[in-house]
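Q: Chain by chain, the residues run as shown.
2 protein chains.
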Amino acid sequence: MSWDDVSDTECPIARACSVVGDRWTLLILRELIMGTRRFDDLQAQTGMSSHLLSTRLKRLEKDGVVERRLYSERPPRYEYRRTDKGKELDPVILLLRQWGMKYGGFGAKDEPAAHMIHKKTGKVIDADWRMPSTGKKFTFDDTRSTISKRWTKEREARRTAFRAAKGLSE
Amino acid sequence: MSWDDVSDTECPIARACSVVGDRWTLLILRELIMGTRRFDDLQAQTGMSSHLLSTRLKRLEKDGVVERRLYSERPPRYEYRRTDKGKELDPVILLLRQWGMKYGGFGAKDEPAAHMIHKKTGKVIDADWRMPSTGKKFTFDDTRSTISKRWTKEREARRTAFRAAKGLSE
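Taken in order, these protein sequences are the chains called A and B. Each residue of the first sequence is one higher than the one before, counting from 1 in our numbering. Each residue of the second sequence is one higher than the one before, counting from 1 in our numbering.
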């Protein structure tokens with residue numbers, strides 16, 4: 001019996017894990033949530049190899065979690081977005097964010113990487129914030145965020161390093 | 001810049017993923033939630049190699065998500081359990097379960113792998129159940145489950161195949 005094809009199992013957790021139980025996949029989803037749309041930018045911010053990113057994006061597209069849209073015909077260029085099915089993973093990502101805020105080795109006074117507000121209530125979504133148990137399910141569309149200076153700097157450094165490695169100028 | 005050590009990043013999602021963003025790790029947690037305690041049983045039910053399982057368990061122990069207890073001195077034998085910090089990942093696993101129930105390719109009339117009841121309210125925890133937004137955070141300690149016949153059979157088959165591969169009799 002092999003677990004390579006976990007759709008062979010009765011367990012829904014195992015089946016979900018076969019789609020998203022992977023650090024890289026979750027980081028791709030994080031970037032898509034942040035509005036990153038293009039392959040190169042996804043690669044710069046996740047640190048994935050081009051081959052690995054391409055494989056994961058194809059898998060996510062096949063699984064209906066991500067959709068690809070042509071935004072330029074010559075040369076052909078694509079944008080990537082979460083589908084509605086993909087957005088239904090937002091609560092998972094939110095809980096991982098909260099667990100990471102609590103246990104990720106941050107100092108109590110550290111500014112969070114993203115200052116996130118729940119639009120409807122105006123509340124800050126920190127490690128203790130609880131998703132409403134009624135109404136529609138949480139998605140990051142319900143939030144607005146400001147990225148901290150430190151994380152902005154980190155992201156710029158990733159972008160610069162990636163472009164330098166590819167031999168592109170800024 | 002390398003992402004091998006994601007504790008180098010400001011992003012709490014990336015930090016959380018470095019601990020649990022992995023199909024195998026999530027499956028280990030699922031088994032621990034189900035009450036599986038011993039190395040061989042974890043191996044049989046996750047389908048992991050002994051080396052991979054050992055590596056992941058050590059990492060989880062180091063990260064404070066799992067604890068190991070000696071239950072037999074001669075030969076030394078260990079039991080594995082989630083720590084309180086590990087139980088704080090239960091909401092993540094629950095949401096993965098619900099997403100998997102909805103999108104994992106099950107038929108509408110399929111019996112769920114686990115019939116799960118929220119003890120306090122008596123409600124069935126299905127794909128639509130919502131975690132309470134007040135009170136203490138959800139853990140699987142708040143539930144009781146009955147495993148379906150089909151999943152029981154699958155699990156017995158895994159156990160049998162594993163023992164056969166190890167040359168053990170039933």
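Since the hints were derived computationally from the structure, they do not count as laboratory data. Just so you know, not all the hints are guaranteed correct.
What the hints assert, rightly or not - Calculated pairs, DMTMM-like style, for lysine to aspartate or glutamate (alpha carbon to alpha carbon, straight line, at most 25 angstroms):
#1 A/K149 x B/E111
#2 B/K85 x A/D128
#3 B/K119 x A/D142
#4 B/K58 x B/E88
#5 B/K85 x A/D22
#6 B/K102 x A/D22
#7 B/K87 x A/D22
#8 A/K85 x B/E111
#9 B/K62 x A/D22
#10 B/K136 x A/D128
#11 B/K149 x A/D40
#12 B/K109 x A/D142
#13 B/K136 x A/D142
#14 A/K85 x B/D110
#15 A/K137 x B/D128
#16 B/K120 x A/D128
#17 A/K87 x B/D126
#18 A/K102 x B/E73
#19 A/K85 x B/D126
#20 B/K137 x A/E88
Here the structure is a predicted model, which is why all the values come from computation and not from measurement.
Q: Take the hints in turn and mark each one as holding or not.
A: Hint-by-hint comparison with the structure:
| no. | hint | verdict |
| --- | --- | --- |
| 1 | A/K149 x B/E111 | violated (50 angstroms) |
| 2 | B/K85 x A/D128 | holds (14 angstroms) |
| 3 | B/K119 x A/D142 | violated (31 angstroms) |
| 4 | B/K58 x B/E88 | holds (19 angstroms) |
| 5 | B/K85 x A/D22 | holds (20 angstroms) |
| 6 | B/K102 x A/D22 | holds (19 angstroms) |
| 7 | B/K87 x A/D22 | holds (20 angstroms) |
| 8 | A/K85 x B/E111 | holds (22 angstroms) |
| 9 | B/K62 x A/D22 | holds (20 angstroms) |
| 10 | B/K136 x A/D128 | holds (11 angstroms) |
| 11 | B/K149 x A/D40 | violated (48 angstroms) |
| 12 | B/K109 x A/D142 | violated (33 angstroms) |
| 13 | B/K136 x A/D142 | holds (24 angstroms) |
| 14 | A/K85 x B/D110 | holds (21 angstroms) |
| 15 | A/K137 x B/D128 | holds (10 angstroms) |
| 16 | B/K120 x A/D128 | holds (22 angstroms) |
| 17 | A/K87 x B/D126 | holds (19 angstroms) |
| 18 | A/K102 x B/E73 | violated (36 angstroms) |
| 19 | A/K85 x B/D126 | holds (17 angstroms) |
| 20 | B/K137 x A/E88 | holds (20 angstroms) |
Violated hints for the displayed structure, listed by number in ascending order: 1, 3, 11, 12, 18.
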